[in-house]
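Undergrad: First to last, the protein sequences are chains Z and C.
Residues 1 to 409 in UniProt numbering are what the first sequence spells out, letter by letter.
Residues 1 to 409 in UniProt numbering are what the second sequence spells out, letter by letter.
Please note that a few of the clues may not be correct.
Intra- or inter-copy, both count: the list cannot distinguish identical chains.
Heads up, simulated DSBU-like pairs for lysine-lysine below, C-alpha to C-alpha not over 30 Å straight-line [unchecked claim]: (1) Lys349 - Lys25; (2) Lys372 - Lys341; (3) Lys238 - Lys274; (4) Lys29 - Lys122; (5) Lys213 - Lys29; (6) Lys390 - Lys341; (7) Lys213 - Lys141; (8) Lys274 - Lys89; (9) Lys24 - Lys353; (10) Lys381 - Lys48; (11) Lys120 - Lys400; (12) Lys122 - Lys94; (13) Lys118 - Lys32; (14) Lys89 - Lys47; (15) Lys274 - Lys341; (16) Lys274 - Lys235; (17) Lys25 - Lys256; (18) Lys25 - Lys373; (19) Lys349 - Lys215; (20) Lys120 - Lys29; (21) Lys29 - Lys256; (22) Lys353 - Lys235; (23) Lys120 - Lys32; (24) Lys387 - Lys355; (25) Lys118 - Lys390; (26) Lys386 - Lys256; (27) Lys215 - Lys32; (28) Lys55 - Lys32.
Hints are computed from structural coordinates only; laboratory data are not their basis.
There are 2 protein chains.
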Amino acid sequence: MLNIGLLGLGTVGTGIVQILEERKKYLEKLIKQEISISKILVKDIDKKRDIEIDKEKLTTDIYEIIEDDNIDIIIEVLGGLDNPYYYIKEALNKGKDVITANKAVVAKHLEELTNLAKAKNKSFLYEASVGGGIPIIKPLKEQVNINQIQEIRGILNGTSNYILTKMISENLDFQEALETSQRLGYAEANPTDDIEGYDTRRKLRILSTIAFKDKIDEEDISCYGINSINFSDIKNIKSMSCTVKLLGTAIVNDNKYYASVEPVIVSQNSYFSKVDDANNLVSFIGDNVGELRFFGEGAGRFPTANAVLSDLIDITSNTYQRNCFLENSELDNINELYRGKYYMRINVKEDTKDKIEKYIVDNEIIEDMIEKKDSIAFTTKLISKKKLEKLIDIFMIDSKNYFVARLEV
Amino acid sequence: MLNIGLLGLGTVGTGIVQILEERKKYLEKLIKQEISISKILVKDIDKKRDIEIDKEKLTTDIYEIIEDDNIDIIIEVLGGLDNPYYYIKEALNKGKDVITANKAVVAKHLEELTNLAKAKNKSFLYEASVGGGIPIIKPLKEQVNINQIQEIRGILNGTSNYILTKMISENLDFQEALETSQRLGYAEANPTDDIEGYDTRRKLRILSTIAFKDKIDEEDISCYGINSINFSDIKNIKSMSCTVKLLGTAIVNDNKYYASVEPVIVSQNSYFSKVDDANNLVSFIGDNVGELRFFGEGAGRFPTANAVLSDLIDITSNTYQRNCFLENSELDNINELYRGKYYMRINVKEDTKDKIEKYIVDNEIIEDMIEKKDSIAFTTKLISKKKLEKLIDIFMIDSKNYFVARLEV
Numbered sequence: 001m002l003n004i005g006l007l008g009l010g011t012v013g014t015g016i017v018q019i020l021e022e023r024k025k026y027l028e029k030l031i032k033q034e035i036s037i038s039k040i041l042v043k044d045i046d047k048k049r050d051i052e053i054d055k056e057k058l059t060t061d062i063y064e065i066i067e068d069d070n071i072d073i074i075i076e077v078l079g080g081l082d083n084p085y086y087y088i089k090e091a092l093n094k095g096k097d098v099i100t101a102n103k104a105v106v107a108k109h110l111e112e113l114t115n116l117a118k119a120k121n122k123s124f125l126y127e128a129s130v131g132g133g134i135p136i137i138k139p140l141k142e143q144v145n146i147n148q149i150q151e152i153r154g155i156l157n158g159t160s161n162y163i164l165t166k167m168i169s170e171n172l173d174f175q176e177a178l179e180t181s182q183r184l185g186y187a188e189a190n191p192t193d194d195i196e197g198y199d200t201r202r203k204l205r206i207l208s209t210i211a212f213k214d215k216i217d218e219e220d221i222s223c224y225g226i227n228s229i230n231f232s233d234i235k236n237i238k239s240m241s242c243t244v245k246l247l248g249t250a251i252v253n254d255n256k257y258y259a260s261v262e263p264v265i266v267s268q269n270s271y272f273s274k275v276d277d278a279n280n281l282v283s284f285i286g287d288n289v290g291e292l293r294f295f296g297e298g299a300g301r302f303p304t305a306n307a308v309l310s311d312l313i314d315i316t317s318n319t320y321q322r323n324c325f326l327e328n329s330e331l332d333n334i335n336e337l338y339r340g341k342y343y344m345r346i347n348v349k350e351d352t353k354d355k356i357e358k359y360i361v362d363n364e365i366i367e368d369m370i371e372k373k374d375s376i377a378f379t380t381k382l383i384s385k386k387k388l389e390k391l392i393d394i395f396m397i398d399s400k401n402y403f404v405a406r407l408e409v
Numbered sequence: 001m002l003n004i005g006l007l008g009l010g011t012v013g014t015g016i017v018q019i020l021e022e023r024k025k026y027l028e029k030l031i032k033q034e035i036s037i038s039k040i041l042v043k044d045i046d047k048k049r050d051i052e053i054d055k056e057k058l059t060t061d062i063y064e065i066i067e068d069d070n071i072d073i074i075i076e077v078l079g080g081l082d083n084p085y086y087y088i089k090e091a092l093n094k095g096k097d098v099i100t101a102n103k104a105v106v107a108k109h110l111e112e113l114t115n116l117a118k119a120k121n122k123s124f125l126y127e128a129s130v131g132g133g134i135p136i137i138k139p140l141k142e143q144v145n146i147n148q149i150q151e152i153r154g155i156l157n158g159t160s161n162y163i164l165t166k167m168i169s170e171n172l173d174f175q176e177a178l179e180t181s182q183r184l185g186y187a188e189a190n191p192t193d194d195i196e197g198y199d200t201r202r203k204l205r206i207l208s209t210i211a212f213k214d215k216i217d218e219e220d221i222s223c224y225g226i227n228s229i230n231f232s233d234i235k236n237i238k239s240m241s242c243t244v245k246l247l248g249t250a251i252v253n254d255n256k257y258y259a260s261v262e263p264v265i266v267s268q269n270s271y272f273s274k275v276d277d278a279n280n281l282v283s284f285i286g287d288n289v290g291e292l293r294f295f296g297e298g299a300g301r302f303p304t305a306n307a308v309l310s311d312l313i314d315i316t317s318n319t320y321q322r323n324c325f326l327e328n329s330e331l332d333n334i335n336e337l338y339r340g341k342y343y344m345r346i347n348v349k350e351d352t353k354d355k356i357e358k359y360i361v362d363n364e365i366i367e368d369m370i371e372k373k374d375s376i377a378f379t380t381k382l383i384s385k386k387k388l389e390k391l392i393d394i395f396m397i398d399s400k401n402y403f404v405a406r407l408e409v
């Protein structure tokens, strides 16, 4: 009998219970033992739920689960940071295998929890933490055994991709698109992590650490979001026959790496432009395998639960990847040195526009002027982003009043 | 010490030797034993080769390898059908694990070799047989544990995709594009299997059998190639703002399935249209995970060798998928009942054109006439393909003189 302790019975937790119920016979035959979710940690036992669940199994006391020696595996789908981290650590210390979908915890504590699991000869798996239903963590861990990974790129946040898709396809302003996605459940009430790029950054931190075999921290990844994009940007981007995506990018070369999260303007011919709505896409390049791309639903009850259950099967079948990916490759971060071409739009008063135009000409920033009517918008030569940051400083432009995206066309 | 017997030292075999050499230290640390390719089966020991290799290891006698009890794993990368099949069977019978890249053998003998491996408690793995470097066999085997797969679609043959890409992008006729791809090594001297769809059919046979948990034979898959496509088709397809791809498709619904290999006309907005050159893409839909897409290089020395080595690591780490996928779901083939919209172009003499036009109007086949100058080309209503086959019969049109593609726009 395999006893599971489930922490959390929200969207994903409910999906896990549902799939396990539906496929019980098949899975029990596959792993050659009975499966039982013995206890579930919830905030409120009496809350009305989507599914029928034996109330005896619900508890508000984490220790009832962690200290239950009959429980073999903990599945953590709570969300949040400090509590889940503590629970996971305690569970590993008690000799339980742990699966989590919690990207915040994984991003913050990947190395510590991996090492702890290793020391306890248990598993710490987190397929659902990146790319929703896309199998990406495991394939990446497998590919790094045979490849030097040179590059990772991805649309890793469903919410921001949904917003950008709506803005482009339905000519909506940012606020309208955000409200639509909140109404449809694609964005949370507080969308900061999604639209400011922090969620993408966490996922890129996880992927790039596995890929490059060195600890790439969240702080090592420069981060720009989409919260200041407006309808005139969309108009300008369309006039360039392009579209815009929030991309995570990490490139390594000769022991140096560049890692960023930023809006990127891509051609309508780019495969990224075909990743619509809340879908995700991860691409990486290995020296032997070449480029691989993985596409799928970036979030949602069943895709995420599916990823959690693939970890569960790997643990029970003993087929998870054990390779210790951390080799301390000691890569140098060269974000400061990176030079790209950018699109910039600034809202300023009429008389400042001319001053800005003079500045970007004098400082060899501008490549093409796109518009100088409602706002000033231009593309740049190949420059370091610092040059744009300096411009923002000098003209004291508020973060709400400009939008920068890298050009990849 | 892990002793490998390598059957074949062509393009892929050489790649395997090269990667194993280059990553020897890492891999030996990973699998915690020394790795040695102890013997290699070749046709000609004295042939000049790309790589330096100890001639002592080369043999022309398969029994020197199969009957060597020190050899644990056989990697078969010979190509061909009967000999490799016999070697693989003998190797499994002798209690060796087997890895193959040979799609012909896998397509013909998947069930028998899988069952034999199971009976011998050994592994029979074939990641490289579909999709070149793309990890697709293993992820699919994993996903079927948690999902009912409803649909598989893919660009599975690099050669035909390369030819179609060249015809579209460089306005080449079929023969020119074929010759270019032969010159560049993308097509073999005898390209029949690639351009007539048989290679795609083998791969779809393998994927759909795993996905649907029932034996889908090559003969169960209707098969149309691209060998009769010509420049006027390309012109017509472009005028529809579309492109054309050779797709394998298998759809299951309510214990009935449709499986085909055929040219499909897709919109330029379709993600299939972004799969250029010799690349492959596999998409499948599971009831929980939703749609997943996998993209990568469909062939080539290092991508294919990479896939073979991922199987090798799985065997040595004991992490391969053991799920016995065959459940004899007893699906019914309904290819005959399938109705689609098609594009058809026919080259006939001037006076026959009017007769064909009358026929396709009278029989409610035609939707739109595309051209009636150099040839007669039209799109159809939703019909069964039989109606087109009947037309071909009645007007006794030679297979060289017409081209049919399904419309997916």
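Undergrad: Run every hint past the structure and note whether it holds.
TA: Hints, one by one, checked against the model:
1. Lys349 - Lys25: So Lys349 and Lys25 fail the 30 Å test inside a copy (68 Å) and across (63 Å) alike.
2. Lys372 - Lys341: Within one copy only: 19 Å inside, 49 Å across.
3. Lys238 - Lys274: So Lys238 and Lys274 pass the 30 Å test inside a copy (15 Å) and across (20 Å) alike.
4. Lys29 - Lys122: Both. Shortest intra-copy (23 Å) and inter-copy (20 Å) distances satisfy the 30 Å Cα cut-off.
5. Lys213 - Lys29: between (37 Å within a copy, 15 Å between copies)
6. Lys390 - Lys341: within (16 Å within a copy, 58 Å between copies)
7. Lys213 - Lys141: For Lys213 and Lys141, both the intra-copy (10 Å) and inter-copy (27 Å) Cα distances are at most 30 Å.
8. Lys274 - Lys89: neither (40 Å within a copy, 44 Å between copies)
9. Lys24 - Lys353: Answer is neither; intra-copy 65 Å and inter-copy 60 Å both fail.
10. Lys381 - Lys48: Answer is neither: 57 Å inside a copy and 50 Å across each miss the 30 Å cutoff.
11. Lys120 - Lys400: neither (49 Å within a copy, 67 Å between copies)
12. Lys122 - Lys94: within (10 Å within a copy, 35 Å between copies)
13. Lys118 - Lys32: both (25 Å within a copy, 16 Å between copies)
14. Lys89 - Lys47: within (28 Å within a copy, 59 Å between copies)
15. Lys274 - Lys341: Cα proximity of Lys274 and Lys341: in one copy and across copies (22 Å, 24 Å).
16. Lys274 - Lys235: So Lys274 and Lys235 pass the 30 Å test inside a copy (19 Å) and across (24 Å) alike.
17. Lys25 - Lys256: Between copies only: 23 Å across chains, 50 Å inside a chain, cut-off 30 Å.
18. Lys25 - Lys373: Answer is neither: 66 Å inside a copy and 62 Å across each miss the 30 Å cutoff.
19. Lys349 - Lys215: Neither. Shortest intra-copy (45 Å) and inter-copy (70 Å) distances fail the 30 Å Cα cut-off.
20. Lys120 - Lys29: both (28 Å within a copy, 21 Å between copies)
21. Lys29 - Lys256: between (48 Å within a copy, 25 Å between copies)
22. Lys353 - Lys235: within (19 Å within a copy, 48 Å between copies)
23. Lys120 - Lys32: both (24 Å within a copy, 20 Å between copies)
24. Lys387 - Lys355: within (16 Å within a copy, 70 Å between copies)
25. Lys118 - Lys390: neither (46 Å within a copy, 66 Å between copies)
26. Lys386 - Lys256: within (19 Å within a copy, 60 Å between copies)
27. Lys215 - Lys32: Only across copies: Lys215 and Lys32 sit 24 Å apart there, 38 Å inside one copy, limit 30 Å.
28. Lys55 - Lys32: within (27 Å within a copy, 48 Å between copies)
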